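Protein chains: 2
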Amino acid sequence: MKLKRRWALTLGIATALLNHSAMANNTLEEVMQARGLTQKDVLAAAKTYTPTGGRDEYLAFSSGGQSGQVLVYGIPSMRILKYIGVFTPEPWQGYGFDEESKAVLAQGRVNGKDINYGDAHHPAASETAGDYDGKYLFINDKANPRIAVIDLHDFETKQIVTNPLYKSAHGGAFVTENTEYVIESAQYAAPYSKDYVPLEEFNDQYRGGVTYWKFNKEKGRIEPENSFTVELPPYSQDLSDAGKGPSSEWSFTNSFCTERYVGGIERGRPPFEAGCSAKDTDFLQMIHWKKAAELVAAGKAKNINGMNVILMETAVAEGILFLVPEPKSPHGVDVTPDGSKIVINGKLDTHVSVYSFEKLMAAVDAKKFEGKDAYGIPIIAMQDVLHTQVELGLGPLHTQFDAKQCVAYTSLYVDSTIARWNYCEGKVLDKISIHYNVGHLMTMGGDTVNPDGKYLVSLNKLAIDRFNPVGPLHPQNHQLIDISGDKMELLYDMPVPLGEPHYVVAIKADKLKPAIRYQSGWNSRTNQPSAFKTRAGREKIEVTEGKVEVFGSTIRSHITPEIIEATEGDEVIIHLTNLERAQDETHGFAMYGQNVQLSIEPGKTVTTRFIADKAGVYPYYCTEFCSALHLEMQGYLLVKPKGYQATVSEGKAGAVYTKAEYDKQVATNIETQGVIDSVVGFITSQNYQDFPPVVASVEDATDQLNFAKEAKAKADAAAAKGDWQNGALWANQWWQYQVKAADIGLRAKAYLQEHGSKPVK
Amino acid sequence: MKLKRRWALTLGIATALLNHSAMANNTLEEVMQARGLTQKDVLAAAKTYTPTGGRDEYLAFSSGGQSGQVLVYGIPSMRILKYIGVFTPEPWQGYGFDEESKAVLAQGRVNGKDINYGDAHHPAASETAGDYDGKYLFINDKANPRIAVIDLHDFETKQIVTNPLYKSAHGGAFVTENTEYVIESAQYAAPYSKDYVPLEEFNDQYRGGVTYWKFNKEKGRIEPENSFTVELPPYSQDLSDAGKGPSSEWSFTNSFCTERYVGGIERGRPPFEAGCSAKDTDFLQMIHWKKAAELVAAGKAKNINGMNVILMETAVAEGILFLVPEPKSPHGVDVTPDGSKIVINGKLDTHVSVYSFEKLMAAVDAKKFEGKDAYGIPIIAMQDVLHTQVELGLGPLHTQFDAKQCVAYTSLYVDSTIARWNYCEGKVLDKISIHYNVGHLMTMGGDTVNPDGKYLVSLNKLAIDRFNPVGPLHPQNHQLIDISGDKMELLYDMPVPLGEPHYVVAIKADKLKPAIRYQSGWNSRTNQPSAFKTRAGREKIEVTEGKVEVFGSTIRSHITPEIIEATEGDEVIIHLTNLERAQDETHGFAMYGQNVQLSIEPGKTVTTRFIADKAGVYPYYCTEFCSALHLEMQGYLLVKPKGYQATVSEGKAGAVYTKAEYDKQVATNIETQGVIDSVVGFITSQNYQDFPPVVASVEDATDQLNFAKEAKAKADAAAAKGDWQNGALWANQWWQYQVKAADIGLRAKAYLQEHGSKPVK
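Chains A and B, in that order, are what the protein sequence lines are.
Per our numbering, the very first residue in the first sequence carries number 1; after that it's consecutive.
Per our numbering, the very first residue in the second sequence carries number 1; after that it's consecutive.
FYI, nobody ran anything at the bench for these hints, they're computed from the structure.
Keep in mind that this is a model prediction, so the values were computed, not measured.
Any given hint could turn out to be false.
Note that the list lumps identical chains together, so a pair holds whenever it fits in one copy or between two copies.
Claimed, not checked - No more than 16 Å apart at the CA atoms, straight line, and that leaves these computed lysine to aspartate or glutamate pairs for EDC-like:
#1 664 - 716
#2 640 - 358
#3 279 - 663
#4 642 - 565
#5 640 - 195
#6 513 - 57
#7 279 - 114
#8 40 - 29
#9 513 - 133
#10 664 - 280
#11 614 - 114
#12 194 - 613
#13 194 - 568
#14 513 - 699
Turn these sequences into a full structure, and let the hints guide you.
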């Protein structure tokens, strides 16, 4: 009894403790001195530091490079909030472990082979009228040309489409102004066929291309059957951008290695890097995608490997494909917010080149070309369409835009600087050093029709000496730069601990409305009710010849069922529904030796399936620390040998309980209920309904108290029959629910006190 | 010529730009107002913010939970520096993709089955004389009882050992005072045999245990043959701790579910959580590990599944195993820095209980027991050994220590608070709220004989409303607390973006000496020279019946070979050595459709192996953005059908170059060399040898310039023969190396200017 009384005391004093106000032990000056901080550092700290419970203004979605994932971080705090499993299985999320997500990854098989990673490069956020709508994110895999669709409702990957033509695709994902299409361009040229084609036939048989994947916004899925590809020469296509406003029916894709060099260093020939950058210019490829879609609808596409392909000769004949020389080995091709200009970054030039869309259209309309390439595609002369060229420095790579009229930012890889410049007047405004060797850069909404500017992130490819050393493999360094003032100011260095991001998009946080739970019994990957949804109390095990199928559940702190029996060789299928409704009450499910690890967020139903190929004992348990009795959230799969005959009679395990123990537990429970009532009393005395998180907690606590009632009824029933064993255990379970209710109630009470709730009449 | 001249200009003006000093656009007060920061927030910001290039005082090594990884972050900046692949394949690191690391993961197979995740729980740092020595890290997998060894020389996983007895092991890893042993205890009881044993035989046939894995510090590897296990009853063993100082020959392991309840909610019985927490007390299990090791040496162990096992009856007879009741369902068992006391956290009690080691020894010596458990193990009475009990609050879970005498910190799960208390005098000193539901907590060196105190990290299991929402699956929240003053102060909320950490250890950064490169041609997983090391210029392809074996290399910006030919059905084996010596110059290697993704840090040799089962064209490329010409770092695997006969004569691909183009390139190169010379002139005019990063850069740039010389020689030779094709291409390659040298030189120059170099005479 003494132990239990102490609980009550603690519940009583918790209020005072939660209100304690810590005194600062140091002055700001002392801290600055001790840590060697300048005033500028403190200002940067104040511009980025986000106190507990604070919110970031933007969420950045970054490719994870060869980790195959997408990472999400807040700006300006630069705290990484989530790694989303996309192309690579990830067990914390159960991604690639539960059958539902395995089905997504299976869509990404290449030539029938499972691919367990991706080289994720360029995320694109879905747009409406050229602005982010916060609904979907797309990301490409360069190594195995694929595009993944992530739903920003729950931050999960829902679909992967595999390009049936390419063998490499760096230039994705980019979206048209209303996300009609997701653009993916090829990179290293290869035959469209799956067959062997010798390099000697490179010019004739190897091809590039730009694919326009049709996106169905209602369904949130790409429709491969309504998608198409425009065939291109075997240049290495690189990044793309869709037009905006006046240019919105066009897309722009740059290229390198228009030399069509095929390598051969092992034969003493110069390496690819020399062969692929020998010419002073490569080609910008302009495609009228809107007309292209009409051509497909008109039956002018050829079906190759199941993809609608507009052949080059058709594209040329129909006037939807043009080339413009651009400074050599370009990376970014970026359309200005008003859609009037296209900025080209030639990595091996010192300039950015600004093309005028109006001049481009004038040349197209006048059919004024300087010639054709080897494939008959008309070439528009650079000087006919240049708005301006601006000398920025060594290695211009990618450009983003500001809210301020005509202001752009360009990354300079070799110079390790960011340049701010005016693309209307063609002049440099400011420069800032970064550390080191920036690839892409990104401003807030910087590739939309309405950039916010404000912050810029420099995605540096080398960190070298910026952080504490962690071995030969270094993190990347994302540097946050304040671009709101007259001079750019470095605010923060963020190491990327996993993967090599290539590009990031930042969406204003208030555009995102993520869910905190699913409808009960939900298959999150198909976004439909699961066929295996299980309600509380309806859990069951179906045993048929060679198969054991479990329809189970999880809720604080038990897995139902706790014992599963199977016979060696059986297929075991376990469906689990998380019955929780409370925010953040995810349960996990891991099992010894069967490679089983599930993540079951509130409401979700997931499935694991395996062959119980060896007789034995296989403990399972919850892998998310969900409650004080989490460690006790366990069970056993018992796999019997074939033809097993029990050799022992029903034995006994564990302790035996008496009436005294039952009585003691019941007394404790009554006392605990008194404490809970006092917490409930406090909450209901306040205007708690003005605080949504508290309303949710009250709902959760009420659930737990209802469970407590059910356990109490079972304890009472057992006691009435003189079954002290079950009486004591169910009384204990009743108390467990009380403890969970107290836990939730205390958090709610603290929340009210910290957020200044007021008494209600 | 014009384009090239601009490079020179830019090289010239770079200095001025790098020195630009940004003006603050806002005052601190304005920023505070705009962002709603209090003075306390600004102080916390100043205590955690780490400017570019700054170093953290501590590196924290955190378990990644069911992600199966370990993450590393800096304190106080709370920036995550690395996720280390441990139990789960991770492609960014090539972990589980190259053959060398696959061999490590294969050590962790369970019953012959590949396990592609782990439930990583408790990291332990290697110790010498009870203090961290910064050499190794150990981590357990709860789901598939395994221990991994990570070398802190390069932050890579080197070994995984699988426990042959357990089916679950939560209580690891913990080390003895000189890392003689790595301790791993069982969790959910199961038979030692791999056979089916019905739950009815739970009391007799199911077992727990504590395993002592022998660690060889010289070799950096666990020696399973020199390891042993002490058999324990089928209680759920939980955390352990090794003794220190006077108690250093002992280890302490707590337990829950000493009720030996076996579940049955699906049969209407109370769930595990009630059955496993019905009793008021569970047992602390004390083992004299030093004597146990002597018993093993004396042949008193039984070999079970290849493991030396000291049976309970032997342990009891030899006087090395004792039980002490402890408040129910405990988690942490933590030995004080001086080794004189053991702190027990009973999750369902409101107290921490402090046991006196002196009193424990007195009881052992006097053979003063209050009885025996069902397995004959002597039970020491709690009241005989208690130093004190302190009421802290709801759900005490884990305790860590301060540098200050007798000061400890305990996490309170249900209360969502941290208590600071005095374990000598038994009184509470301070409390602070955390958000929410803390599991473990951690102070700097807090489990060593010399804790630093200073900071505390609260590993909160629920984040709920702390961060911008990112869907139903929430990040964990690690809160940094300043414990240097009279009152604890919350400094920072760090979201954990991947996995659910359970425990963290923080090592003073200056104890770590990570490498930045390997010896050239190194197998990092065996820590020996690779048999497949390849030197520059010695690359080769060996073709034998059914096999193509490549001995290749990578260096900015080419992969050698650039073309690999194979025949359908061949086994393709590719060994790649990264010839770089420069810090952070990692190259990657990905190939279309073959699930190939390697990470090759400077000096490393790695291997990929696959069957080229389908004829076709398979591009490959470097996946780490290593240089301006990174995208051109590519190649092709060409897989011919069996019996393929060439049908075309040697064709032509790409462009043809003239003498004019050769001459133009050479002129550019001469001009570029002038610019490089001016950068070199600046560097060598300064005391650059006082700056190690610059010395390394100079070495790297010199490498590149030597490569440039070689390319120049080839260009000259081709030109001498009138071969303008190769002349122009090699001249371009010569320029490529110049650009890399300029890139490195510019970084070095900027470094000198930023770090106040001085002219030398």
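*Which of the stated hints cannot be reconciled with the structure, identified by number in ascending sequence?*
Hints 2, 7, 14 contradicted; others consistent.
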